[in-house]
Amino acid sequence: MVGATEEMELQKLERDVEGGGGDVAQYLALVRKLRVRRSSTVARHGLALLNNSSARSKLGADVWTIYEQVAIAALDCHALEAAKECIGALRTKFPESMRVARLEGMWWEAKGAWQQAESLYSDLLADNPSDSALHKRRIAMAKAQGNLIGAVEATNKYLETFMADHDAWRELADMYILLQMYKQAAFCFEELILSQPTNALYHLGYAELLYTMGGLDNLRAARKYYAAAIEMSGGQNMRALFGICMCGTAITQTKGRGRDEKDSVDLLSLAGSVIVKQYKEKCPNKVDLITSILDKQLVANIA
Amino acid sequence: MVGSTKYEIAQTAYVKLVLHALKHKTSAVNGVLIGRVIGAAAAGTEAGTAGAASSGGKESGGGNVTIEILDSVPFFHSHLGILPMLELALIQVDEYFASLKSGLSIVGYYHANECFDDYELSSIARKIGDHIARYCPQAGILLLDNRQLGALSKGGTKKPVVQLYVREAVRGWRQSGPGGVQSADLVLKEATANSILTDYISEHREQLVVDFDEHLDDISKDWLNANLFN
Chain E
1 MVGATEEMEL QKLERDVEGG GGDVAQYLAL VRKLRVRRSS TVARHGLALL
51 NNSSARSKLG ADVWTIYEQV AIAALDCHAL EAAKECIGAL RTKFPESMRV
101 ARLEGMWWEA KGAWQQAESL YSDLLADNPS DSALHKRRIA MAKAQGNLIG
151 AVEATNKYLE TFMADHDAWR ELADMYILLQ MYKQAAFCFE ELILSQPTNA
201 LYHLGYAELL YTMGGLDNLR AARKYYAAAI EMSGGQNMRA LFGICMCGTA
251 ITQTKGRGRD EKDSVDLLSL AGSVIVKQYK EKCPNKVDLI TSILDKQLVA
301 NIA
Chain R
304 MVGSTKYEIA QTAYVKLVLH ALKHKTSAVN GVLIGRVIGA AAAGTEAGTA
354 GAASSGGKES GGGNVTIEIL DSVPFFHSHL GILPMLELAL IQVDEYFASL
404 KSGLSIVGYY HANECFDDYE LSSIARKIGD HIARYCPQAG ILLLDNRQLG
454 ALSKGGTKKP VVQLYVREAV RGWRQSGPGG VQSADLVLKE ATANSILTDY
504 ISEHREQLVV DFDEHLDDIS KDWLNANLFN
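Just so you know, the protein sequences line up as chains E and R, in that order. Here the numbering used here is used: the first residue of the first sequence is 1, the next is one more, and so on. Here the numbering used here is used: the first residue of the second sequence is 304, the next is one more, and so on.
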């Protein structure tokens with residue numbers, strides 16, 4: 001999850017690099033820091049950088065990190081020969097390294113040679129049972145082969161040991177959502193909220209799951225979590241603002257007649273007015289559309 | 304089933320949805336198809352009418368039906384199975400096209416799977432398709448076919464790079480063509496569609512596609528993609 005300012009910085013660097021100028025090493029460093037997936041750009045310009053011996057010599061010790069980054073990006077783009085060259089350079093420099101061996105496993109994965117990759121990872125895990133990245137490669141392989149249930153089982157087992165791994169909880173939630181097991185996905189978000197109670201995006205994700213599961217109690221809870229997300233994001237999060245409106249309508253439809261919570265209408269109209277204000281500022285051509293939709297929802301709620 | 308059902312997709316709709324899938328190669332994407340139905344049994348096919356639409360066993364008996372797909376709106380590239388923003392997107396798109404008063408409405412759904420070699424129509428796609436079919440009984444689902452897309456870059460194919468699924472009363476969503484629903488067919492309206500697509504791909508025009516997901520993150524981005532084909 002990348003913040004808005006960082007995203008803009010990344011896009012600017014990317015534009016510079018794609019345009020032929022720009023500092024490729026700086027771009028690669030930012031991609032590593034933000035842990036985003038920009039494999040095509042990274043592979044293309046990273047390889048150019050590494051194949052340029054004068055530019056390469058300026059990188060110092062960073063060059064090996066970059067070899068690893070470019071190898072993975074090349075694998076993501078299915079440029080297996082290029083990846084092999086990078087891995088080869090790393091292997092020459094670090095002949096006994098488990099980290100390089102893991103890259104070789106990923107190369108087998110990219111080729112679709114699951115047996116080879118699996119046996120390599122098993123051997124590595126025997127010597128390094130607490131290496132989380134190796135466990136995650138196995139989960140990734142299960143997912144890549146379409147074995148979602150197996151991937152879920154493996155992730156659950158992984159989390160028994162590495163229970164503070166937020167990315168793994170997120171990944172597990174995503175897999176549960178694909179399987180339409182929303183309650184289990186919600187449980188993952190509960191874990192995330194417990195560990196990081198001020199993260200607006202976790203509250204948002206939880207709210208969306210509650211809404212999806214439906215039913216009056218879930219919808220009311222969803223509204224609370226949407227409200228929390230709005231508070232934590234300073235009213236900037238459009239999904240949370242719209243979420244309040246969607247909840248309002250859904251609650252009325254589920255409940256039928258008889259309003260007992262008057263303040264919910266205030267919350268609804270407040271969210272609505274913030275939305276309209278944002279659209280007037282940033283998307284004026286849709287203001288009429290949004291106003292018309294929100295008015296209909298508000299009327300349906302009061303009626 | 305007496306008549307045949309032809310789904311004719313204009314290159315605007317077609318190119319847009321393929322570019323959307325190409326922009327987000329590492330995730331599943333979806334969106335809706337916009338157009339009109341011609342020749343169907345009269346009532347219940349107006350834009351947005353939930354009313355007594357023919358459901359269940361009543362096919363468009365008698366004549367031939369054409370579903371003209373004139374545009375597409377890219378929706379999401381993450382969390383396709385989550386409801387609130389999907390419902391919001393459907394409301395906004397429905398409302399927008401109704402306000403144009405041009406007789407256009409949502410006539411279908413498109414989906415591209417996350418995995419390269421996954422050619423199945425997922426249950427999430429079927430569910431969303433079911434929802435759309437409640438408002439437009441002739442709605443079709445288009446599923447991106449990676450084999451065809453690969454063939455496109457190698458040397459041109461005249462066939463659309465998507466598979467059509469239509470909804471049957473009893474058996475649910477089934478693929479059109481031999482072995483499936485033979486009376487339903489998907490055609491490209493313009494013969495140039497695939498060559499335009501190939502050109503746009505080589506120009507990396509997919510980077511310009513804006514979907515509803517991106518709109519929600521930054522509302523200054525427009526899911527109408529008005530400038531995509533300039």
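Each hint should be verified, as a subset may be incorrect.
[Unchecked claim] These stretches of chain E come out as covered by chain R in the derived footprint (C-beta under 8 angstroms, 3 or more residues):
1. 47-57
2. 187-198
3. 236-243
4. 289-298
[Stated by the list, open to error] Cross-link-like lysine-lysine pairs, in silico, BS3-like; alpha carbons within 30 angstroms at most:
5. K326/R with K282/E
6. K328/R with K136/E
7. K326/R with K33/E
8. K457/R with K430/R
9. K111/E with K328/R
10. K524/R with K309/R
11. K492/R with K282/E
12. K524/R with K328/R
13. K224/E with K33/E
14. K12/E with K461/R
15. K524/R with K286/E
16. K58/E with K33/E
17. K309/R with K296/E
18. K430/R with K183/E
19. K255/E with K430/R
20. K282/E with K328/R
[Claimed, not checked] Using C-beta positions, here's what the derived DEER-type ranges look like:
21. T5/E with L511/R: 30 to 38 angstroms
22. P481/R with S130/E: 27 to 35 angstroms
23. E190/E with N533/R: 29 to 37 angstroms
24. E471/R with N156/E: 25 to 33 angstroms
25. T5/E with P481/R: 19 to 27 angstroms
26. K12/E with Q485/R: 20 to 28 angstroms
27. G19/E with C418/R: 31 to 39 angstroms
Keep in mind the hints are simulated off the structure, nothing from the lab. In this text the structure is predicted, and so the values were computed from the model without any measurement. Quick reminder that beta carbons are idealized off the backbone N, C-alpha and C, glycines included.
* Pair hint K326/R and K33/E, alpha-carbon separation not exceeding 30 angstroms -> 23 angstroms, holds
* Asked: Are the Cα positions of K430/R and K183/E separated by 30 angstroms at most?
  -> The hint holds at about 18 angstroms.
* With 20 to 28 angstroms as the target window, see if K12/E and Q485/R comply at their CB atoms. => Given a distance of about 53 angstroms, which is not inside 20 to 28 angstroms, the answer is violated.
* **CB-CB spacing for L511/R and T5/E relative to the 30 to 38 angstroms hint** => 23 angstroms, violated
* Are the Cα atoms of K524/R and K328/R separated by 30 angstroms or less? -> 20 angstroms, holds
* Taking only the CA atoms, is the gap from K255/E to K430/R under or equal to 30 angstroms? -> Between K255/E and K430/R the Cα gap is close to 24 angstroms, so the pair holds against 30 angstroms.
* Does K309/R pair with K296/E here, judged by a C-alpha cut-off of 30 angstroms? -> Violated, at roughly 36 angstroms.
* To do: Verify the proposed pairing of K524/R with K309/R, using a straight-line Cα cut of 30 angstroms.
  => The given pair, whose Cα atoms are some 34 angstroms apart, is violated under the 30 angstroms limit.
* Asked: Do three or more residues of the region 236-243 of chain E come closer than 8 angstroms to chain R, measuring C-beta to C-beta?
  -> holds (count 4)
* Asked: Given the hinted pair K328/R and K136/E, is their alpha-carbon gap at most 30 angstroms?
  -> 21 angstroms, holds
* Are there three or more residues in the region 289-298 of chain E whose C-beta lies closer than 8 angstroms to some C-beta of chain R? -> Answer holds; 4 residues pass the 8 angstroms Cβ test.
* To do: Kindly confirm whether 25 to 33 angstroms is satisfied by the beta carbon distance between E471/R and N156/E.
  => 38 angstroms, violated
When each numbered hint is compared with the structure, violations occur for hints 1, 2, 8, 10, 11, 13, 14, 17, 21, 22, 23, 24, 25 and 26.
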